[in-house]
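> Sequence:
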Amino acid sequence: MRLSRYFLPVLKESPKEAEIVSHKLMLRAGMIKQQAAGSYSWLPLGFKVLNKIVKIIEEEQNRSGAVQLLMPTLQSADLWRESGRYDAYGKEMLRIQDRHERDLLYGPTNEEMITDIFRTFVRSYKDLPLNLYHIQWKFRDEVRPRFGTMRSREFLMKDAYSFDLDEAGAKRAFHRMFVAYLRTFYRMGLVGIPMRADTGPIGGDMSYEFHVLADTGESAVFLDSDLLDKPIPAVDTDFNGDLSPIFNDWTSLFAATDEMTDEATFRASVSGNKQMAARGIEVGHIFYFGTKYSEPMGAKVTGPDGKDVIVHMGSYGIGPTRLVPAVIEASHDDNGIIWPVSVAPFEAVLINLKAGDAGTDAACEALYAELNAAGLDTLYDDRDQPAGAKFATADLIGIPYQLILGPRGLKDGQAEIKHRKTGERETLPLGSAVARLKGLIEPQRRDKV
RNA sequence: CGGAGUAUAGCGCAGCCUGGUAGCGCACCUGCUUCGGGAGCAGGGGGUCGAGUGUUCGAAUCACUCUACUCCGACCA
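Number 448 in the working numbering belongs to position 448 of the first sequence; there are no gaps in the numbering.
Incorrect hints may appear among the rest.
Mimicking DMTMM-like on lysine to aspartate or glutamate, the simulated pairs with C-alpha atoms at most 20 Å apart in a straight line are [what the hints assert, rightly or not]:
{"#": "1", "residue 1": "K411", "residue 2": "D361"}
{"#": "2", "residue 1": "K292", "residue 2": "D87"}
{"#": "3", "residue 1": "K292", "residue 2": "E167"}
{"#": "4", "residue 1": "K292", "residue 2": "D224"}
{"#": "5", "residue 1": "K307", "residue 2": "E295"}
{"#": "6", "residue 1": "K274", "residue 2": "D224"}
{"#": "7", "residue 1": "K33", "residue 2": "E142"}
{"#": "8", "residue 1": "K354", "residue 2": "D384"}
{"#": "9", "residue 1": "K354", "residue 2": "E365"}
{"#": "10", "residue 1": "K171", "residue 2": "D205"}
{"#": "11", "residue 1": "K55", "residue 2": "E295"}
{"#": "12", "residue 1": "K421", "residue 2": "D333"}
{"#": "13", "residue 1": "K292", "residue 2": "D205"}
{"#": "14", "residue 1": "K307", "residue 2": "D166"}
{"#": "15", "residue 1": "K438", "residue 2": "E424"}
{"#": "16", "residue 1": "K230", "residue 2": "D242"}
{"#": "17", "residue 1": "K126", "residue 2": "D305"}
{"#": "18", "residue 1": "K354", "residue 2": "E416"}
{"#": "19", "residue 1": "K33", "residue 2": "E13"}
{"#": "20", "residue 1": "K448", "residue 2": "E59"}
{"#": "21", "residue 1": "K55", "residue 2": "D236"}
{"#": "22", "residue 1": "K421", "residue 2": "D334"}
{"#": "23", "residue 1": "K171", "residue 2": "E142"}
{"#": "24", "residue 1": "K33", "residue 2": "E19"}
{"#": "25", "residue 1": "K300", "residue 2": "E167"}
{"#": "26", "residue 1": "K171", "residue 2": "E295"}
{"#": "27", "residue 1": "K438", "residue 2": "D334"}
{"#": "28", "residue 1": "K55", "residue 2": "E442"}
Computed spacing ranges between beta-carbons, pair by pair [as the list claims (entries may be wrong)]:
{"#": "29", "residue 1": "Q97", "residue 2": "V10", "range": "40 to 46 Å"}
{"#": "30", "residue 1": "D198", "residue 2": "E101", "range": "35 to 41 Å"}
{"#": "31", "residue 1": "K126", "residue 2": "D236", "range": "26 to 32 Å"}
Derived from the structure by calculation, the hints contain no laboratory data.
Just so we're clear, the structure is a prediction, and the values are computed from it rather than from any experiment.
Quick reminder that beta carbons are idealized off the backbone N, C-alpha and C, glycines included.
Could you put the whole structure together from the sequences, leaning on the hints where they help?
This is the structure in structure tokens:
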């Protein structure tokens, strides 16, 4: 993409509405524009990151055996009356009437609707286990939206719903999602720590929130620091096999939010040098809720013995529009964002230090073509701007690698690569620049690990 | 929903206390010069001062009402 033809409205100063660093940087980098409280337009750069995150989620959901579909944003109130939640849900739920004065709502979640789909089509235990998911916009009329897209009213959510014959089956489904989530966050360059969460009236140990550690996290969390070094289940993990060893390994170490524990318990449970009190951003939540919806809504299958069985369900959420700021909170410096390669809007930025100079232009054009041919997603800064402005923009929008080309190096046939994360610079012959970048970038895509 | 604030050009701000026909920086447009860390000089465009009502000869400025947005708290992917 040529920057001169792109739409990248970067700001030198951050709008005063922004309080936390990710919000400021998303505004300054031209990723989002607020349209109302808790409602945002996603500008091209932000949308590109959001889509990369969504793609990773889809790949890992599919790998785990979940099947994607898409449900509407507007739902009939009748469905929610069946589960009893139409009255139980508070003012967070946006209620609407259509022209016939029928009650509708903008879905804050989809348990009722997916249960309706299930009961319509699934009749036999032979069709289980089943896990259906979608990635759709939700609306929750939060009393106080804040922190940009971290806590917005309209937000994108991946929600998966598992259906099993009994609790044992539901547990296996739960483990599959648990492992998928570990992989999903890892692939985004994050460490998503599973933490015991409130199970509500169901009880048991099948409710985990995944948190990304960040100073600006909304929850106080306590964990065993060994969790940060645990190996992530590999790409060839058998999702049809027994995943309980992985689950048991991860959950054997202490990790909980302040809602689930207190500091004294934490101090007593974890050895001193491994105690880690931090703050976390909740980026995912998986939980088992049994027959809470299947019972009242009549979601059942015929079992092996010919008798009807109410199915056991679980639901599994991830917030992509929250993950974008979460990545930024976890990875930035004074100059701007530092994207992990796997979610970066562009993998490299080619900086032409003297646009308009025939020699530099020609060399950049050649390199740009070479970068594209090598399959590297590249932004080419071909604008007629001072060098400093280009460096500042490149740093701000956080592209992992800058390939810098100017008359000075060019006369010796040299290009320069700057690593955004470390600030390291290397000078190398023009002819080897693309191969070098490819070698740096490909392993960091994390698409084969 | 309780408490506290803010609203003046695309963004960041001054002006308001002590009413007198709106200003600065950045951004934008034109020209020239620059060109390895947010360029320099010259010229230029852009604002019913959030909305409404009132006080006054006169309101960005004073009063009242409303709206939007932000922050703190309780709630949540």
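> Each hint needs a verdict: does it hold in this structure or not?
Hint by hint, here is what the structure shows:
About 13 Å separates the Cα atoms of K411 and D361, which keeps this hinted pair within 20 Å; it holds. Restraint check for K292 and D87: satisfied, since their Cα atoms lie roughly 16 Å apart, inside the 20 Å limit. Distance hint between K292 and E167 is fulfilled; the C-alpha atoms sit about 13 Å from each other, no more than 20 Å. For the hint pairing K292 with D224, the CA-to-CA distance comes to about 33 Å; that exceeds 20 Å, so the pair is violated.
A hinted pair counts as satisfied when its Cα atoms are at most 20 Å apart, and K307 with E295 qualifies at roughly 15 Å. For the hint pairing K274 with D224, the CA-to-CA distance comes to about 5 Å; that is within 20 Å, so the pair holds. About 19 Å separates the Cα atoms of K33 and E142, which keeps this hinted pair within 20 Å; it holds. Proximity of K354 to D384 is assessed by CA-CA distance (about 7 Å); at most 20 Å being required, the pair is judged to hold.
Taking the CA atoms of K354 and E365, the gap is about 13 Å. The hint holds against a cut of 20 Å. Between K171 and D205, the direct Cα distance comes to roughly 10 Å. Compliance with the 20 Å bound is thereby established for this hinted pair. Restraint check: the Cα-Cα separation between K55 and E295 comes to about 34 Å, which exceeds 20 Å; the hinted pair is violated. In summary, the hint linking K421 to D333 is supported, as the alpha carbons are separated by about 9 Å, within the 20 Å threshold.
In summary, the hint linking K292 to D205 is supported, as the alpha carbons are separated by about 17 Å, within the 20 Å threshold. A C-alpha spacing of about 14 Å is found between K307 and D166, which places the hinted pair at or below 20 Å, so the restraint holds. Our distance criterion of 20 Å between C-alpha atoms is met by K438 and E424, whose separation comes to about 17 Å. With a C-alpha separation of about 19 Å, the suggested pair K230 and D242 falls inside the 20 Å cut-off, and the hint holds.
Between K126 and D305 the CA atoms are separated by roughly 12 Å; this keeps the pair inside 20 Å, and the hint holds. A hinted pair counts as satisfied when its Cα atoms are at most 20 Å apart, and K354 with E416 qualifies at roughly 14 Å. As the CA atoms of K33 and E13 are separated by approximately 14 Å, the hinted pair is consistent with the 20 Å bound. Pair hint K448 plus E59 holds up; C-alpha atoms about 11 Å apart against a cutoff of 20 Å.
Between the alpha carbons of K55 and D236 the distance comes to roughly 19 Å, so the proposed pair stays at or under 20 Å and holds. With a C-alpha separation of about 12 Å, the suggested pairing of K421 with D334 holds against the 20 Å cut-off. Taking the CA atoms of K171 and E142, the gap is about 32 Å. The hint is violated against a cut of 20 Å. Annotation: proposed proximity of K33 to E19 holds, straight-line Cα distance about 15 Å (limit 20 Å).
Our distance criterion of 20 Å between C-alpha atoms is met by K300 and E167, whose separation comes to about 14 Å. Using a Cα cut-off of 20 Å, the hinted pair K171 and E295 holds, with the two alpha carbons roughly 18 Å apart. Between K438 and D334, the direct Cα distance comes to roughly 27 Å. Violation of the 20 Å bound is thereby established for this hinted pair. The suggested pairing of K55 with E442 holds, with an alpha-carbon distance near 17 Å, which does not exceed 20 Å.
At roughly 42 Å, the beta carbons of Q97 and V10 sit within the given window of 40 to 46 Å. As the Cβ distance of D198 to E101 is approximately 38 Å, the hint placing it in 35 to 41 Å holds. Our hint of 26 to 32 Å for K126 and D236 holds, since their Cβ atoms are close to 28 Å apart.
Hint check: violations occur at hints 4, 11, 23 and 27; the rest are consistent with the structure.
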